[in-house]
Amino acid sequence: MNSKTLLYILKRLVLALVTVWVIITITFFVTRLVPGGPFQSEKAITPEAQAALEAKYGLDKPVFEQYLTYLKDIVTKFEFGPSLKQRGRDVIDIIGDGLGVSAILGLTAAAIAIVCGVLLGSVAALRRNKIIDKVIMVVTTAFVSMPSFIMGTLLLILFCVTIPILPANGALSGGLVLPIITLALYPTAYITRLTRSSMLDVLGQDYIRTAKAKGVSARSIIFKHALKNSLIPVITYCGPMLAYIVTGSLVVERIFAVNGIGRAFVSSITDRDYPLIMGTTIVLATLIVVMNLVSDILYKVVDPRIKLE
Amino acid sequence: MKKLVALFLAMAVMVCCFASCGGGKADLPTDSLSICIGSEPDTLDPALNSAVDGATMIVQMFSGLAKWSQDASGNAVIVADCAVELPAGVENADGTVTYTYTLKDGLKWSDGVALKASDFVFAWNRAASVELAADYGYMFDVIDGYADIWAEEPVEGAKLNVSAPDDKTIVVTLSNAVAYWNELLAFPTYFPVREDVVANESWATEAATYVCNGAYVMDAWTHDSVITLKKNANYHNADAVTMPELKCYLSDDANNMLTNFKNGAWPMIDDVPTAEIPALKTQYPDEFVVAGQIGTYYVCWNVNETILPAGSTLTGADKANAEAEIRNAIGLILDRNHIVNNVSQAGEIPASTFVPMGMTEEDGSEFYKNAGSSDSFNGYYDVATSAYEANYAAAVETLKKYYTYDEASGKFTNIPTLKYIYNTNDGHKAIAEYIQGAVAAIGINMTLTNQEWNTFLNTRKDGDYSVARNGWVADYNDPISFLDMWITNSGNNDVQFGKGAHAELAIYDLDLTAYGYDIKVEDGTWAETYDVLIAEIKACKDAATRYDLMHVAEDMIMSTGCITPIYYYTDIYMLDSRVEGFFSIPLGYKFFMYTTINND
Numbered sequence: 154m155n156s157k158t159l160l161y162i163l164k165r166l167v168l169a170l171v172t173v174w175v176i177i178t179i180t181f182f183v184t185r186l187v188p189g190g191p192f193q194s195e196k197a198i199t200p201e202a203q204a205a206l207e208a209k210y211g212l213d214k215p216v217f218e219q220y221l222t223y224l225k226d227i228v229t230k231f232e233f234g235p236s237l238k239q240r241g242r243d244v245i246d247i248i249g250d251g252l253g254v255s256a257i258l259g260l261t262a263a264a265i266a267i268v269c270g271v272l273l274g275s276v277a278a279l280r281r282n283k284i285i286d287k288v289i290m291v292v293t294t295a296f297v298s299m300p301s302f303i304m305g306t307l308l309l310i311l312f313c314v315t316i317p318i319l320p321a322n323g324a325l326s327g328g329l330v331l332p333i334i335t336l337a338l339y340p341t342a343y344i345t346r347l348t349r350s351s352m353l354d355v356l357g358q359d360y361i362r363t364a365k366a367k368g369v370s371a372r373s374i375i376f377k378h379a380l381k382n383s384l385i386p387v388i389t390y391c392g393p394m395l396a397y398i399v400t401g402s403l404v405v406e407r408i409f410a411v412n413g414i415g416r417a418f419v420s421s422i423t424d425r426d427y428p429l430i431m432g433t434t435i436v437l438a439t440l441i442v443v444m445n446l447v448s449d450i451l452y453k454v455v456d457p458r459i460k461l462e
Numbered sequence: 002m003k004k005l006v007a008l009f010l011a012m013a014v015m016v017c018c019f020a021s022c023g024g025g026k027a028d029l030p031t032d033s034l035s036i037c038i039g040s041e042p043d044t045l046d047p048a049l050n051s052a053v054d055g056a057t058m059i060v061q062m063f064s065g066l067a068k069w070s071q072d073a074s075g076n077a078v079i080v081a082d083c084a085v086e087l088p089a090g091v092e093n094a095d096g097t098v099t100y101t102y103t104l105k106d107g108l109k110w111s112d113g114v115a116l117k118a119s120d121f122v123f124a125w126n127r128a129a130s131v132e133l134a135a136d137y138g139y140m141f142d143v144i145d146g147y148a149d150i151w152a153e154e155p156v157e158g159a160k161l162n163v164s165a166p167d168d169k170t171i172v173v174t175l176s177n178a179v180a181y182w183n184e185l186l187a188f189p190t191y192f193p194v195r196e197d198v199v200a201n202e203s204w205a206t207e208a209a210t211y212v213c214n215g216a217y218v219m220d221a222w223t224h225d226s227v228i229t230l231k232k233n234a235n236y237h238n239a240d241a242v243t244m245p246e247l248k249c250y251l252s253d254d255a256n257n258m259l260t261n262f263k264n265g266a267w268p269m270i271d272d273v274p275t276a277e278i279p280a281l282k283t284q285y286p287d288e289f290v291v292a293g294q295i296g297t298y299y300v301c302w303n304v305n306e307t308i309l310p311a312g313s314t315l316t317g318a319d320k321a322n323a324e325a326e327i328r329n330a331i332g333l334i335l336d337r338n339h340i341v342n343n344v345s346q347a348g349e350i351p352a353s354t355f356v357p358m359g360m361t362e363e364d365g366s367e368f369y370k371n372a373g374s375s376d377s378f379n380g381y382y383d384v385a386t387s388a389y390e391a392n393y394a395a396a397v398e399t400l401k402k403y404y405t406y407d408e409a410s411g412k413f414t415n416i417p418t419l420k421y422i423y424n425t426n427d428g429h430k431a432i433a434e435y436i437q438g439a440v441a442a443i444g445i446n447m448t449l450t451n452q453e454w455n456t457f458l459n460t461r462k463d464g465d466y467s468v469a470r471n472g473w474v475a476d477y478n479d480p481i482s483f484l485d486m487w488i489t490n491s492g493n494n495d496v497q498f499g500k501g502a503h504a505e506l507a508i509y510d511l512d513l514t515a516y517g518y519d520i521k522v523e524d525g526t527w528a529e530t531y532d533v534l535i536a537e538i539k540a541c542k543d544a545a546t547r548y549d550l551m552h553v554a555e556d557m558i559m560s561t562g563c564i565t566p567i568y569y570y571t572d573i574y575m576l577d578s579r580v581e582g583f584f585s586i587p588l589g590y591k592f593f594m595y596t597t598i599n600n601d
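Line by line, the protein sequences are chains A and B. In short: position in the first sequence from 1, add 153, done, that's this note's numbering. In short: position in the second sequence from 1, add 1, done, that's this note's numbering.
Careful: at least some of the hints might be erroneous.
Claimed, not checked - In the DSS-like style, the derived pairs of lysine-lysine whose C-alpha atoms are separated by at most 27 Å in a straight line are: (1) K430/B with K196/A; (2) K196/A with K402/B; (3) K196/A with K160/B; (4) K109/B with K196/A.
Claimed, not checked - Just a few of them, taken from the derived set where beta-carbon distance is under 10 Å, the chain A residues facing chain B: (5) G189; (6) K196; (7) E232; (8) G234; (9) K238; (10) G241; (11) C269; (12) A295; (13) C313; (14) V314; (15) P320; (16) S350; (17) S351; (18) D354; (19) G392; (20) I408.
Don't read these hints as lab results, they were simulated from the structure. Keep in mind it's a predicted model, so treat the numbers as computed, not measured. Glycine is no exception: its CB is placed at the ideal position from the N, C-alpha and C atoms.
Just chain A, same shape as in the assembly:
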């Protein structure tokens, strides 16, 4: 790794920080603009109680002052504040609880997607136009075009009601199997198709023919020459895939009642739980920004010809 690469990474890191800051700022002010508030409920509390709560949480101060305090607390103390709705709990604890489960869900799904996707894609490319290739293409087309909430509901009906072999709730043992499968199906299908077309492209290249002509073994051609080069589009896709998994898990966690960060994120918005909205947004935004950065850097590792500038 040369100094140019380092400089590039540094630049990207600074840019990532700026991105997160912009997201914080926009989210902060937009949430305050949305009508309603954290202390609103069907049965209205007395105006005096409302005022007392606003004073307690500093919501009676001007919005810009609240913003500055918020930024200061995050930067200097890494403090996300208390939840306004779940009284007695800190945002960082709520996120910590949820993120662990979501990470298991997301990372497993991503790993399955990459491993199965590359494998199936390669098989399809190498057995081009054979029956196995056709089956893979038909099935992946179906999965790519099916949104996760339909897939989730179908799996729920099939494996929890019709053939009740798996639990329908994330809290029960084995309860994460179906949500992981639901989350993994779309990216698996997508990576399969991506790998297949990119592999076919690579297999038609001159250097593959040269290798064949030189008598290199088929195994070596596939793994050493073809596969490595056909992975570049797959790596490009890893960033968006993570974004898909993160946003997809919001829906999937609900369908299977998984206690991930998704529910905290969604309910914080309906509750106008400002600190929790901010906390979850920052975490998810940082995650996506970082993953995009990582996938950019990975190009370089796979293909040294790519210049990071």
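Once you've looked at the hints, dock chain B against the given chain A.
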């Protein structure tokens, strides 16, 4: 390709086989009950909770001076719990009423520490305090001293008039007699908490620090996932608790709940998808339960939004009276039987009053049956299916007085477009669409807008609407909880009575001389009449008069036409028929401690 088809067919056959032989459910465990009554509770601190599912959790774990129980005939009744008995109050010379309670012997907290009378005193003062600013802090406004705590200039060191002269005696003084005082004692906000426990602000967020005194203790709380309750050995009535363990799964997805009910994982779920209700009724006739609930689903009209035709010359009292008549007429166009039978379909009861079914008077009679002036039906109009045509015709006649009617098409031509808002929800949407269709039949154009819940609450509260979906569920069995919300300064006065232009409108009469009061107002404003009436009801000591006055109050709000009752709520849930000993009360609380499992 043929092979593929064969494979698919084989799979399909397999799926069908599994489906058909999945009929017999596995036995339920007898020592643990899995239930789902809601999603992650916002709080399980008895003082802070204001949700019904939270209250259900709390009544399993806490024990107040009184509790809800079920009598031999299955009615919900209040009985003493921590208190030895619930004595009558003693009226003092200044009109205040003092109650003295004695605690049972040997009461303990779940951690073994003795429970003292002072714990109640502390808990009540805490729940009513400005520092806590609890949603239900106002539940203590019946106790002497509350007003000082929340005065605009708070009185230094103000406390509720409640004391513990010794470890077993609690003396509390109310500002005046309160008909529903015993119910308040069974209300979670009135449950005891211990000072050293709640000093930790996060005490109620995890099992390790959660100290309670009821049938169960919290064994584990995996947030957003499951709360496990175990029988509390230190509970004073532990022998009566038959279910050793409760697993309360947390989910807010009705489809997920139903799936878990169907596959036998959760024998009790508190919600089902609206669309599934008709199927569930036939599929699970014994397990789909419709229980009574004290609440009214209604449509509210913004009193300051005119609905007269463009160019109307009516002003002042004439205009207000005409609008009231029009709103009431439009209310009669709605076929409430059709709504409950074909739209909402959860066994609701068509409503003809705002104060719902289930509220009883001093003599035990139903408040709603005594409402209105007719002897032939209950309430303010007849909701019998047979009366619908007559109501409809009468409504059309009324509307003809104010709008142009086209005989040929049977439609009015100049009724202004009505804008109806509701919060995003399939059930509310279906009712909104029914109303839209029903009024369209007489030529009224109605637009529908749905808003996200929190925004919706804000819009309605600010009076930024013309017609809106609304609903109210009681916290205690007394009609005042449906009437005091309409005073001018109430935070729930969505109709905007006495606000804006309506503040100046002096058209209301209040004559209480017949009830022995020296109050007679003619052509008064809302504040001069309704607000005064509610204040008198709250101060009234004679139970019979008090109910009469509450009927006067309901007559007043119904005469404005701003409240169009639709139906009385029901509480629907699914309960596996092998679970015995379960009961719920019309306030929505559910009791699981006395359940047993019968797998036979």
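For each hint, the structure was consulted:
With a C-alpha separation of about 21 Å, the suggested pairing of K430/B with K196/A holds against the 27 Å cut-off. For the proposed pair K196/A and K402/B, the alpha carbon gap of about 38 Å is over 27 Å, so the pair is violated. As the CA atoms of K196/A and K160/B are separated by approximately 25 Å, the hinted pair is consistent with the 27 Å bound. The suggested pairing of K109/B with K196/A is violated, with an alpha-carbon distance near 34 Å, which exceeds 27 Å.
Because the smallest distance between the Cβ of G189/A and any Cβ of chain B comes to about 3 Å, under 10 Å, the interface hint for this residue holds. For K196/A, the interface hint holds, the least distance from its beta-carbon to any beta-carbon of chain B being 7 Å, beneath 10 Å. Hint on E232/A is violated. Least Cβ distance to chain B is approximately 15 Å, over the 10 Å limit. Interface restraint check for G234/A: the shortest CB-CB distance to chain B comes to about 13 Å, outside 10 Å, so the restraint is violated.
Hint status for K238/A: holds, given a least beta-carbon distance of 5 Å to chain B, under 10 Å. The beta carbon of G241/A is positioned within 10 Å of a beta carbon in chain B (closest approach about 4 Å), and the interface hint is therefore held. Look at C269/A: its Cβ only gets to about 20 Å from chain B, farther than 10 Å, so that hint breaks. Evaluation of the A295/A hint against chain B yields a violated restraint, the C-beta minimum of about 13 Å exceeding 10 Å.
Hint status for C313/A relative to chain B: holds, with the closest Cβ pair at about 5 Å, below 10 Å. The criterion of a C-beta within 10 Å of any C-beta in chain B is met by V314/A, whose closest approach is roughly 5 Å, and the hint holds. Hint on P320/A holds. Least Cβ distance to chain B is approximately 6 Å, under the 10 Å limit. A hinted interface residue such as S350/A counts as satisfied when its beta carbon comes closer than 10 Å to some beta carbon of chain B; here the least separation is about 23 Å, so the hint is violated.
For S351/A, the interface hint is violated, since its Cβ never comes within 10 Å of a Cβ in chain B; the closest pair sits about 27 Å apart. The interface hint given for D354/A is violated, since its Cβ lies 28 Å from the closest Cβ of chain B, which is over the 10 Å cut-off. Against a cut-off of 10 Å between C-beta atoms, the interface hint on G392/A is violated, since the closest Cβ of chain B lies about 28 Å away. The closest approach between the C-beta of I408/A and any C-beta of chain B is roughly 7 Å, which is under the 10 Å cut-off, so the hint is satisfied.
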